[in-house]
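Residue numbers (our numbering), protein chains in the order written: chain A, 1 to 292; chain B, 293 to 584.
Calculated directly from the structure, the hints in this document are not laboratory data.
Errors might be hidden in some of the hints.
FRET-style restraints, in silico, Cβ to Cβ [as the list claims (entries may be wrong)]:
hint	chain 1	residue 1	chain 2	residue 2	range
1	A	Lys127	B	Pro380	34 to 40 Å
2	B	Ala428	A	Arg37	28 to 34 Å
3	B	Ala445	A	Asp134	51 to 57 Å
4	B	Pro377	A	Arg255	20 to 26 Å
5	B	Pro373	A	Glu262	25 to 31 Å
DMTMM-like cross-link-like pairs, simulated, lysine to aspartate or glutamate; straight-line CA separation at most 20 Å [what the hints assert, rightly or not]:
hint	chain 1	residue 1	chain 2	residue 2
6	A	Lys245	B	Glu544
7	A	Lys149	A	Glu106
8	A	Lys125	B	Asp574
9	B	Lys570	A	Asp228
10	B	Lys570	A	Asp207
11	B	Lys570	A	Glu126
12	A	Lys245	B	Asp499
13	A	Lys245	B	Asp557
14	A	Lys268	B	Asp520
15	A	Lys268	B	Glu544
16	B	Lys537	A	Glu256
17	B	Lys417	A	Asp282
18	A	Lys268	B	Asp557
19	A	Lys245	B	Asp493
20	B	Lys570	A	Glu212
21	A	Lys127	B	Asp574
22	A	Lys278	B	Asp493
23	A	Lys245	B	Asp348
24	B	Lys537	A	Glu252
25	B	Lys537	A	Asp207
26	B	Lys537	A	Asp265
Coverage of chain A stretches by chain B, computed from C-beta distances (three or more under 8 Å per stretch; other residues unrestricted) [claimed, not checked]:
hint	stretch
27	194-203
28	219-226
29	229-242
30	251-258
Here a beta-carbon is modelled for each residue, glycine too, at the ideal position from N, C-alpha and C.
There are 2 protein chains.
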Amino acid sequence: MELSESQVTIVGLGLMGGSLAGALRGKCRRVVGVARRAESAETALARGFVDEGTVDMAEGVREADIVVLATPVRVIIRQLPELAPLLPKGCLLMDLGSTKGRIAAEMERLPEHIQPLGGHPMCGKEKSGIEVADPALYDGCTFILAPLKRTSAEALALGHELAEAAGAVPLVLEPERQDYIVAAVSHLPYLIACALVATADTTISADPASWEVVATGFRSTSRLAGSDVTMMTDILLTNREEVLKALDTYQERLREFASLVETADEEKMREILGAVRKIRRDMYPASQQVIE
Amino acid sequence: MELSESQVTIVGLGLMGGSLAGALRGKCRRVVGVARRAESAETALARGFVDEGTVDMAEGVREADIVVLATPVRVIIRQLPELAPLLPKGCLLMDLGSTKGRIAAEMERLPEHIQPLGGHPMCGKEKSGIEVADPALYDGCTFILAPLKRTSAEALALGHELAEAAGAVPLVLEPERQDYIVAAVSHLPYLIACALVATADTTISADPASWEVVATGFRSTSRLAGSDVTMMTDILLTNREEVLKALDTYQERLREFASLVETADEEKMREILGAVRKIRRDMYPASQQVIE
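So here's chain A without its partners, still in its complex pose:
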């Protein structure tokens, strides 16, 4: 099966699902969208993102070659066993959830005639809903594909093709490995940003001058604290152990930096700050960091 011959059914027409539908339309035989609300299905149709929109799950997936669950992680976990009896034989069942461990465990229980494949596109926006969906959302983003042991090479290849057709760069990672990495590069930064905002709120916010002083550095460092609460709660609760491990290591590193300031050992300070700067620069060689 190739993507161009496939019917892709996307369950959940929010920002992620709606954008994916729009990105895939014209690159596969047919794109069907299944929404919870009739208005979302109508909007997706009106915006040209789907060939057909419905609120009837059974109808939407009946002839699907690929089904993509674009709902929150814990909804995905609930939907997987409900969907299984509705899917045609050999159907590729993917999801777009930000954490993969618990989804993979649930996917293991699917009937053998279904091909499961975890997915996690590393893109998004602050706003949610079909109204802000954008077929260009996936352009250039890393799209993690998390196959199970039971996932066939053909199913993985089809998922790969789908990610590329959406404009993304596929990266294959085992579910546990993805959860470990994403805890450090995405979930930890979110909590770091939240704690910074909470610190500002309990200290300097009493001084009306503070917000005039707030510099671009604070803005960058605190940016993720503006993320969607439902999505982040879902993520923190389904990747709890990896997040706690990352937080432990982070707190340890932070104590080391505090002790560096405490002891005021200039030579050691310069050495450690210099090493950190080098690591950061090697990560993003072309970036321009603002200093204030």
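Based on these hints, arrange chain B on the given structure of chain A.
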């Protein structure tokens, strides 16, 4: 004395001093630049930032109405007593250092015929040196003015005029108050970013896939870790107590977030993350936060 009639001498022709010279040229009687290296003075002259460039401090400040020290904080502390005997009576002596407490203490000791005024423009770039100086650097940035009790209203007004002439928005703050606020909005975010980079380095960096996954959230949160090491060492060592206090509060807040994940109390988590999100949004109402 008004700015338009003044000779402004800027000591230190790096990014900050060079840019300020360029921004003020034409708006005062004369801009003189004092550099450590003859090449910097020549470049400032060639780029049209100064009317005169010199490496001779005594010559550069002899006829100054306003002297601005645009050197690192601990160099400023050393230069203040050296400069005092060279300055004309009534001269306004400002600085651009990022921390103000120790500079203010040193300014208190200046002879009475000198008018001291702390300054801290909240702008900058990753790169340093006269080569990257830009007269537009100060446009729209908050320029903190930290007067001492001995600073006259006239001297403060002249500093105000200078900041505005450079394109900045002046904000008057006592030195201790500025150090307290800036520790939380600028120095703490720097250390937070460093600890995040160090965490990534000691955990996920062993997995070659990690850097492909590194998302825009990590990029924002870690941005400040790329800041200039000499400048940051200077800042951390001269604002040590405020930075340690901010770090203490931050570590406390972070433990609260860790316990939120640990106990997995969904209702409480939603409530706290929602409150933090609201605070962040109220700070930057128009901003678009990227989620991944």
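Results of checking the hints against the structure:
1. A:Lys127 x B:Pro380: 34 to 40 Å: violated, 58 Å
2. B:Ala428 x A:Arg37: 28 to 34 Å: violated, 48 Å
3. B:Ala445 x A:Asp134: 51 to 57 Å: holds, 55 Å
4. B:Pro377 x A:Arg255: 20 to 26 Å: Since B:Pro377 and A:Arg255 have Cβ atoms about 46 Å apart, the given range 20 to 26 Å is violated.
5. B:Pro373 x A:Glu262: 25 to 31 Å: Between B:Pro373 and A:Glu262, where Cβ atoms are some 29 Å apart, the hint holds.
6. A:Lys245 x B:Glu544: holds, 18 Å
7. A:Lys149 x A:Glu106: holds, 13 Å
8. A:Lys125 x B:Asp574: holds, 18 Å
9. B:Lys570 x A:Asp228: Given pair B:Lys570, A:Asp228 holds - Cα atoms ~11 Å apart, limit 20 Å.
10. B:Lys570 x A:Asp207: Given pair B:Lys570, A:Asp207 holds - Cα atoms ~19 Å apart, limit 20 Å.
11. B:Lys570 x A:Glu126: Holds: B:Lys570 and A:Glu126 sit about 13 Å apart, inside 20 Å.
12. A:Lys245 x B:Asp499: holds, 16 Å
13. A:Lys245 x B:Asp557: holds, 18 Å
14. A:Lys268 x B:Asp520: This hinted pair holds, its Cα atoms lying about 16 Å apart.
15. A:Lys268 x B:Glu544: violated, 26 Å
16. B:Lys537 x A:Glu256: Holds. B:Lys537 to A:Glu256 sits at ~15 Å (cutoff 20 Å).
17. B:Lys417 x A:Asp282: holds, 18 Å
18. A:Lys268 x B:Asp557: Distance ~41 Å between A:Lys268 and B:Asp557 Cα, so the pair is violated.
19. A:Lys245 x B:Asp493: holds, 14 Å
20. B:Lys570 x A:Glu212: holds, 18 Å
21. A:Lys127 x B:Asp574: Distance ~16 Å between A:Lys127 and B:Asp574 Cα, so the pair holds.
22. A:Lys278 x B:Asp493: holds, 11 Å
23. A:Lys245 x B:Asp348: violated, 57 Å
24. B:Lys537 x A:Glu252: holds, 18 Å
25. B:Lys537 x A:Asp207: Given that 20 Å is the threshold and the Cα spacing comes to 16 Å, the pair holds.
26. B:Lys537 x A:Asp265: Roughly 18 Å between the alpha carbons, so the hint for B:Lys537 and A:Asp265 holds.
27. 194-203: holds (count 10)
28. 219-226: holds (count 8)
29. 229-242: Coverage by chain B holds here, the residue count being 8 at a Cβ distance below 8 Å.
30. 251-258: holds (count 7)
Against the hints set out earlier in the document, violations occur for numbers 1, 2, 4, 15, 18, 23.
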